[in-house]
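Asks: With the UniProt record's numbering, the residue at position 361 of the sequence shown is 361, and numbering never jumps.
Everything labelled a hint here was simulated from the structure, so no lab data went into it. Glycine included, each C-beta is placed from N, C-alpha and C at the ideal position.
So the derived label-pair ranges between C-beta atoms look like this:
1) Leu125 with Ser95: 46 to 52 Å
2) Ser93 with Ala382: 20 to 26 Å
3) His170 with Val60: 37 to 43 Å
4) Leu343 with Thr394: 33 to 39 Å
5) Val408 with Lys230: 20 to 26 Å
6) Leu195 with Gly37: 37 to 43 Å
7) Lys294 with Gly158: 50 to 56 Å
8) Glu127 with Val60: 33 to 39 Å
9) Ser95 with Glu127: 50 to 56 Å
10) Ile56 with Pro286: 33 to 39 Å
11) Ser93 with Ile325: 34 to 40 Å
12) Tyr295 with Trp317: 29 to 35 Å
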Amino acid sequence: MSRSPRELWLCYLNKVLFSFSFFTWSIIMVIYLNELGFSDEHSGFLYGVYGAFTSIYGLVTGFFLDRYGVRISLVIGGLVCGLGKLLLAANGSSSAVYFSLCFVLPVGEALCMPVLTTGIRRYTLKENAALAYGIYYSILNIGAALSGYIVDLVRSMGDSLGAVTVFENHITVYRLLTYSCAVANFIPVGIAFFLVREIDVTASVDEEKDDDKKEKDNLLISLSGTCKSKAFWKFMLLNLLLMNVRSIFKHMDATLPKFLQRRFGDDVGFGTIYSINPLIVVFLAPVIQILISKYPPLPCIIIGAWISSLSPLWIWWNPSMVAVILFVVQLSIGESIWSPRNLDYMMKIIPKGKEGIYMSLCSFPMFASKLPTGILSGWLLAEYCPTSAQCSGTIWLLIGLLTILSPVFLTFCVSCIEEPSEQNQRDFEKLSESWSQNDPQIDLPKDNT
Numbered sequence: 001m002s003r004s005p006r007e008l009w010l011c012y013l014n015k016v017l018f019s020f021s022f023f024t025w026s027i028i029m030v031i032y033l034n035e036l037g038f039s040d041e042h043s044g045f046l047y048g049v050y051g052a053f054t055s056i057y058g059l060v061t062g063f064f065l066d067r068y069g070v071r072i073s074l075v076i077g078g079l080v081c082g083l084g085k086l087l088l089a090a091n092g093s094s095s096a097v098y099f100s101l102c103f104v105l106p107v108g109e110a111l112c113m114p115v116l117t118t119g120i121r122r123y124t125l126k127e128n129a130a131l132a133y134g135i136y137y138s139i140l141n142i143g144a145a146l147s148g149y150i151v152d153l154v155r156s157m158g159d160s161l162g163a164v165t166v167f168e169n170h171i172t173v174y175r176l177l178t179y180s181c182a183v184a185n186f187i188p189v190g191i192a193f194f195l196v197r198e199i200d201v202t203a204s205v206d207e208e209k210d211d212d213k214k215e216k217d218n219l220l221i222s223l224s225g226t227c228k229s230k231a232f233w234k235f236m237l238l239n240l241l242l243m244n245v246r247s248i249f250k251h252m253d254a255t256l257p258k259f260l261q262r263r264f265g266d267d268v269g270f271g272t273i274y275s276i277n278p279l280i281v282v283f284l285a286p287v288i289q290i291l292i293s294k295y296p297p298l299p300c301i302i303i304g305a306w307i308s309s310l311s312p313l314w315i316w317w318n319p320s321m322v323a324v325i326l327f328v329v330q331l332s333i334g335e336s337i338w339s340p341r342n343l344d345y346m347m348k349i350i351p352k353g354k355e356g357i358y359m360s361l362c363s364f365p366m367f368a369s370k371l372p373t374g375i376l377s378g379w380l381l382a383e384y385c386p387t388s389a390q391c392s393g394t395i396w397l398l399i400g401l402l403t404i405l406s407p408v409f410l411t412f413c414v415s416c417i418e419e420p421s422e423q424n425q426r427d428f429e430k431l432s433e434s435w436s437q438n439d440p441q442i443d444l445p446k447d448n449t
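Starting from the given sequences, assemble the full structure and let the hints guide the process.
Replies: Okay, here's the thing in structure tokens:
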């Protein structure tokens with residue numbers, strides 16, 4: 001790691017900031033929307049729409065990353081994310097909320113989502129790749145843990161913020177947190193613009209000469225070449241089957257904070273409870289991965305998915321604070337098993353130069369699942385937990401029954417999903433090259449893309 005360029009360490013710094021902004025906004029979003037006058041159902045719907053549009057825009061922004069590189073994508077993505085959250089904090093009108101959550105913020109998130117992972121790959125020597133990704137995953141979880149504690153710290157300030165106004169709006173707890181998210185997105189813009197170079201330490205001389213071909217690539221070529229890869233479709237199937245178990249993490253954003261407030265009172269530290277998950281993962285995941293490193297990814301993913309999917313049943317069985325903590329702990333143990341192995345599986349099938357489009361396509365199910373999860377969350381809260389006197393653990397039984405479908409289908413579809421071989425990747429690279437060289441009908445000049 002000592003021979004790694006400064007860009008690698010700047011990626012880690014930017015990841016802390018982006019993670020803090022992303023997870024803080026995820027924790028407070030539906031509560032802030034309630035504060036602005038939106039109902040449970042409406043807030044859940046907007047949470048889902050925001051995720052769905054992030055998936056849709058990701059199809060284009062992934063290609064943008066492959067074409068224009070990490071530095072430009074970081075600058076534009078951070079700027080757009082920051083502006084979207086600044087708009088939400090400064091103007092709480094319905095039109096501003098819809099404009100930011102349907103257009104501005106999803107575009108920024110779709111750019112920021114794959115850019116730092118791509119940066120880690122391009123700024124890391126092959127012999128250090130495993131360590132670099134391990135540090136990256138730990139930093140992601142440190143940012144998530146930090147966000148939970150800061151949310152509770154700011155909430156403890158309570159009404160003392162009411163006398164402060166910005167843009168003629170009184171500063172509430174959740175408005176201040178939204179401003180902090182915007183600042184955390186703006187800082188990486190300056191870091192990327194002034195300090196980050198567009199380099200690839202793993203590229204050979206011959207690969208650098210391929211820039212002319214890369215300039216000619218367009219979205220249709222990237223999508224067509226990717227969709228011709230058998231390995232890609234195997235991984236896409238795996239991600240589709242993991243959608244339900246991943247929805248638990250969406251319910252930790254959209255459902256758990258409101259459930260805790262209504263069940264245990266407004267003073268409950270839901271941010272601290274949220275932070276249990278990343279703290280466990282950051283310490284437990286490396287240990288577990290060392291112990292299971294000799295096993296192939298797929299069995300580990302299935303076992304971890306089973307553990308995570310059963311975790312909501314704790315709250316249904318006994319809706320107490322102890323049960324909530326047991327839910328988060330079991331969820332975290334499962335995540336520590338399946339999530340790093342899923343990343344390992346993904347990195348094995350991504351051809352160099354196609355990281356953006358590949359990760360955007362593979363992340364499509366994860367963000368698209370926010371729409372049904374958000375709608376379901378709003379309905380469950382309105383139906384089973386509308387007030388503190390009527391807050392039932394039945395919510396978590398229904399969530400558990402849905403999430404358990406993931407490991408069930410994974411178990412029965414093992415034969416359809418296998419670890420991709422190196423031959424799969426070579427076949428994909430040859431196919432992508434042939435498309436860009438032999439199909440003049442879609443080989444557009446640079447200025448038209």
